[in-house]
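Asker: So the chains spell out like this:
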Amino acid sequence: MSEPAMTETTSDVQARRRALMDKGLARRRTADRRFRWLGFAAVAFSALMLAFLLINMSSAGIAGFQRSEVRFDVPLAGAMQIDAKRLAQPDPMGGLELAGLEKVVEGAAKTALGPEADDLVGQGAWREVATAIVEDPSLLGGTYSASLPASDDLAAAQRGEGEPAMQQLAKRLVSEGKLVRTFDKGFLSRSDATSPQSVGIWGALKGSILTMFITLILAFPVGVLSALYLEEYAPKNRWTEWIEISINNLAAVPSIIFGLLGLAVFLALFPHYRSAPLIGGMTLALMTMPVIVISGRNAIKAVPPSIRDAALAIGASKVQVVFNHVLPLALPGILTGTIIGMARALGETAPLLMIGMRAFVASPPSGFTAPSSVLPVQIFLWSDEIDRGFVERTSAAIVVLLVFLLLMNGLAIYLRNRFEKRW
Amino acid sequence: MSPSILLLLAFGLSLFGWLAARSRAWAFRKSAPGVRLHSLPNFHGWYVALWIGVPALLFALLWNAISPVLITSQVMADPAASLLPGFGFERETMLAEARAVAEGRAFGVFNEEAQGLIAPYREAITFYDSIGLVVTILVAFAGGAFAFLRLKPDFTARTRVERAVMGLLLIASLVAILTTIGIIVSLVFETVRFFGMVSPLDFLFGTHWSPDPMSSGTPDGADYGAIPLFWGTIYIGAIIAMIVAIPLGLMSAIFLTQYASNGVRKVLKPLLEILAGVPTVVYGYFAALTVAPMVRDAAQAIGISSASTESAVAAGLVMGVMIIPFVSSMADDSIAAVPQAMRDGSLAMGATTSETIRKVLIPAALPGIVAGVMLAVSRAIGETMIVVMAAGASANLTANPFESMTTVTFQIVAMLTGEGSFDHPATLSAFALGMVLFLVTLTLNFIALRVVKRYREAYE
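Just so you know, the sequences run in chain order A and B.
Going by the numbering used here, 228 is the number at position 228 of the first sequence; the sequence numbering is gapless.
Going by the numbering used here, 25 is the number at position 25 of the second sequence; the sequence numbering is gapless.
Just chain A, with the same shape it has in the complex:
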């Protein structure tokens, strides 16, 4: 009598226990799934932000690569008193200005577009004609079919903004084929200007390239050599400890502090080179060097000791071991670190603002000591402009900068995968 009751109770308890446990387990599994889902959501949020940023920039940027242009013929033959010899001298643009090219272009615009032409062609558009003449002086003897930037008002009217009268006019010119919105080849070959219709990024891009060159030739040798010293030779003493501490700290110092250093030291030493790529490159080199040292040390550390021992064993000196064996093997790793450091320097803005690279520079820098802008600073300067045309131009410049950065990072990843060695 008691036995079946007993088993029943036991199985009852067991069933209740199992049910309880199942419930608990289900709850815990749900919690696990929820946690996992949260983790995925976090990553997805970051990815979405990135996608949002990129799509946002590139959709506006596409418009930035276009501009409104008015098309008409400029009869140049016999219009001005200037000969090819003057064009070969310094400042040929100034010579054309003195010869009255601006008036010639204005006159041609009036004949082609009508009396309102003054407000239709962008200010300084004649400079594009001048540039074309400087490049090809034989144009002076014929007629130049110009595609010049429309004025800001006309460009806005073509987009459907601004005064109704202007919009009417824009419609008429479009139907006559005299006003077109087209891919702006010149955006990649011109420099900064006051009107969004006639700006370009070549000046800033060239400045960036010159600055990066200085950064590279200063930071790379110094970084590699000091990584070699610290990893291969340095005795363990207070001096090396100081060197190590300062390198690690420099890698974490805010970039604007390097700008303050450049301002207080480099500009005090070379006051005439304000906003020159030379000073910018020197400032960025100090910032990039610790990155190269740290990645270089890791790469050197990864070279197995057996290689050093083998070279030493057949009579190589320590310097020969390091420069003929360790350095070549570590080089891919060092290069990866260098490219990442250079990519960071390329996008850096704050230190360059400090040393005066925010000046308005309307022509590409002619050398390392000429005043110049760089791409990120150009973006910053344009972002302050309220004209709507500049918003598109800024996004277009950002697209160019991002393309460069993606290329550099892609190269770094490629190098890492290509040369990664397991010893």
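Hints may contain errors.
[Stated by the list, open to error] Okay, the calculated bits of chain A under chain B, using three or more residues with CB under 8 Å as the criterion:
no.	stretch
1	22-31
2	36-48
3	154-164
4	225-238
5	244-256
6	350-360
7	396-410
Because the hints were derived from the structure by calculation, they are not lab data.
Note that the structure is a prediction, hence the values are computed from the model and not measured.
Note that CB positions come from ideal geometry on N, CA and C, so glycine has one too.
Please build the complex by placing chain B on the supplied structure of chain A, with the hints as guidance.
Answerer: Chain B only, in chain A's frame:
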């Protein structure tokens, strides 16, 4: 003389010396077949090349520094210089103009008075350039001849070259120390000048910030109270940005290391890294143009009428997104440093993955995570472009995230890119702010690195 020509000259002569010395060393071997060279012929080459290149470069550097002074003094001795105005800005401009024309960098001069100086300038430049060129070549040849004459079969060229290489390595590694010293000296020097005009107590504890770069006379210490800047920096960088970055970064790291399959990780991890590679000026533009208006509209929709387009929350949000990959890679590292046995043990006891992560991995990795967060904070408060473009200029001491706030880095940029003179306390205050920023980030980094180091050792 343009530096590049002297540079090319020095390198050309060095190359020549290298080739000559190397063939000389080979000749030793050929002329007496039994003789053994102490060093390989290449080292003989390097020895001579160093003796040619280093003195020539040193002289060229020196000459570049002193020749402009000599040129100017010769031009000053010319009668045309007596027509110049007295000392001052105008005089400098004219000299610079004449010089630019003489060097062929410009076509003409603006000021007629400078016209007469062009010819003397041209003369002086040619004169001193040729002196520089001749002496550089002489120095190079003297060094080369000295080294070349010492070459013998048993000459210890390798030892000497290697000694020079060691010197080079040591100099390269000292650059880091020099940079650190340079930073500290330039900050301290200007900060001391600033504190000579404004009391440090006013600066560190005052609550009103409105320096006027155009004012003259003694500065009013009451205008230089930096507390609102410190508060804005902490509020944006250490509070709002971290509210975004810590949970998202931590959860990303957990998902990528503990849950994601290999394929998923391979796609998502580089995506996060790209987020870290976007330049800050792009984030700033994104914050100012896209996020800030969205934030303002959202705030107005929930009834906050004071919301402006320049808000602490827009800058902080975007900065937080920028910091996510940084936090996640630090958390990733410290979670990976927890021994696998602890994870396996917890799973074997029947804990689910999430319980293992929350109750075992995170507590074990906590010091590393905290250190990572400290590094992230230090990076956020030193970040400049996002706050310059999105946070605003007004120094508000408020807790309302929708109001405009300013930060230390914003004010450094504002003070140093304005029109104020370099001696003005408003300009100098930027260096004092830089000093504070430097010390704070240094302390944070130092503590974080210490924690990471100690914690790493605990499991190894």
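Asker: Now tell me if each hint is right for this structure.
Answerer: Results of checking the hints against the structure:
no.	hint	verdict
1	22-31	holds (count 3)
2	36-48	holds (count 10)
3	154-164	violated (count 0)
4	225-238	holds (count 7)
5	244-256	holds (count 10)
6	350-360	holds (count 4)
7	396-410	holds (count 6)
The earlier numbered hint that this structure contradicts is number 3, and it is the only one.
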